[in-house]
Amino acid sequence: MSEVSTRPQVGATGDLSPSPIRPAAHSPETIEFDSSAFDVATMRTTEIGGLASCMMCLTAVGSSDASFNGYELTEDALPLLGAVIMRLAREADQASHQLWSQYKEARAAANGREVQQ
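Just remember that this note's numbering sits 120 ahead of the position in the sequence shown, which is counted from 1.
Quick caveat, the hints were computed from the structure, so don't treat them as lab data.
There's no promise every hint is true.
[As the list claims (entries may be wrong)] No more than 20 Å apart at the CA atoms, straight line, and that leaves these computed lysine to any residue pairs for SDA-like:
1. Lys-224 to Glu-152
2. Lys-224 to Asp-154
3. Lys-224 to Gln-214
4. Lys-224 to Met-163
5. Lys-224 to Phe-158
6. Lys-224 to Ser-156
7. Lys-224 to Glu-234
8. Lys-224 to Asp-213
9. Lys-224 to Ala-212
10. Lys-224 to Phe-153
11. Lys-224 to Ser-155
All chains, full assembly: derive it from the sequences and hints.
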């Protein structure tokens, strides 16, 4: 595998780039990505979508005159949905901190430096 591309680098304007793309530094360390926080946030988003669609469908089916005028959330379901959304917000905050620390660790490893806390 070659270290530097032999193709000319073309910028967004169509002009040749003044300098070639710098090859990535090889690091002997294995950089692992822990996606657990992201997976939890994704799962919670799916839960919110499922919960909201289920509540809306139940409300639409329960109409008295059998005519369909749209969807409406029932008042007793809103606190449940709100609690799940708040849980998602907390978990998204945790995921952002986890991803940021992993990014800093990977960047430091790629540049051959120690991770600064």
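Cross-check of the supplied hints:
Pair hint Lys-224 plus Glu-152 holds up; C-alpha atoms about 12 Å apart against a cutoff of 20 Å. A distance of roughly 13 Å separates the Cα atoms of Lys-224 and Asp-154; the hinted pair therefore holds under the 20 Å criterion. The hinted pair formed by Lys-224 and Gln-214 meets the criterion: a straight-line CA distance of about 16 Å does not exceed 20 Å. Distance restraint check for Lys-224 and Met-163: the Cα-Cα separation of roughly 25 Å exceeds the 20 Å cut-off, and the hinted pair is therefore not satisfied.
Only pairs whose Cα atoms come within 20 Å are accepted, and Lys-224 paired with Phe-158 is accepted, the gap being roughly 17 Å. At most 20 Å may separate the alpha-carbon atoms for a hinted pair to count; Lys-224 and Ser-156 meet this at roughly 17 Å. For the hint pairing Lys-224 with Glu-234, the CA-to-CA distance comes to about 10 Å; that is within 20 Å, so the pair holds. Distance restraint check for Lys-224 and Asp-213: the Cα-Cα separation of roughly 17 Å lies within the 20 Å cut-off, and the hinted pair is therefore satisfied.
For the hint pairing Lys-224 with Ala-212, the CA-to-CA distance comes to about 18 Å; that is within 20 Å, so the pair holds. Distance hint between Lys-224 and Phe-153 is fulfilled; the C-alpha atoms sit about 12 Å from each other, no more than 20 Å. Under the criterion of a C-alpha separation no larger than 20 Å, the hint pairing Lys-224 with Ser-155 is consistent with the structure, at around 15 Å.
Taken one by one, the earlier hints fail for this structure only at number 4.
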